[in-house]
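Per my numbering: the sequence shown = residues 51 to 286.
Everything labelled a hint here was simulated from the structure, so no lab data went into it.
Just to be clear, a hint being listed does not mean it is correct.
Here are the simulated SDA-like cross-link-like pairs (lysine to any residue), alpha carbons at most 25 Å apart as the crow flies [what the hints assert, rightly or not]:
no., residue 1, residue 2
1, 122, 193
2, 219, 180
3, 219, 74
4, 265, 186
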Amino acid sequence: MPATTFFVDAILFDMDGTLVDSTAGVVGAWETFRNKYPSIDVQNILSSAHGVRTVDNLRKYCGVEDPEELEKEAERFEQAIVSSSTENGRKGIVLLPGAAAILEELAPVRRLPNPSWAICTSATRIYASAAVRIAGVPVPDVFVTAEDVTQGKPFPDPYLLGAKECGVKPENCVVFEDAPSGVCSGRLAGSKTVGLLTTHSREQMEASNPDFIVKDLASVSVRRTEKGVEVTVNID
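Using the sequences plus the hints, can you model the full thing?
Structure representation (structure tokens):
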């Protein structure tokens, strides 16, 4: 299995589907929302909504337009993810393969004002904070959530802000993503991108044109250095 090694100033991670698996909770939340919005097609939504902000999905699939209602429904949806992930024997919100080893290497040293890693998620801060706590993910110095940007993924705003708050240039970062919309966001920000096959098919990820595609973070190793982070990607 060929390996490629490169150096970056910072690593910018997506959260759901990249660091943690919340699939069970997301499915449960959409099933709950079908009670109020009976016309939604849960399976169709699941095939295309991943990696997009909850407010944008609710606007698209449920027809919610009022800003105040959107905010309330987004909060209700993400609360449903947390509760659904632990009901009816579901497996909950858990770390994905390879994430623990990478976080163990990156998290011990907090490097403000120039952190070496960030989470840039489409989730709201309330849900994202709960998800990292449940999964055991260290809270990073830089934690970009849905409320922090005007335009979510696939626009570059989340990763541009993540790089800015790390004090580095986006072109000197690598983005790890499981969704085509997130890969597009990272590419538009000018960052190197690694697509994970945790939630989408290889064909779907190839269409978003990441620099590398791997099964999951178990195919990646990182090492902190004096000048940044050494990243080795084992190509599947």
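A quick look at each hint next to the structure:
Our distance criterion of 25 Å between C-alpha atoms is met by residue 122 and residue 193, whose separation comes to about 22 Å. Of the supplied pair hints, the one linking residue 219 and residue 180 is violated, its CA atoms being roughly 29 Å apart against a limit of 25 Å. For the given pair, residue 219 sits about 36 Å from residue 74 by alpha-carbon distance, which is inconsistent with the 25 Å threshold. Straight-line distance between C-alpha atoms of residue 265 and residue 186 comes to about 22 Å, which keeps the hinted pair within the 25 Å bound.
Consistency note: the structure conflicts with the earlier hints numbered 2 and 3.
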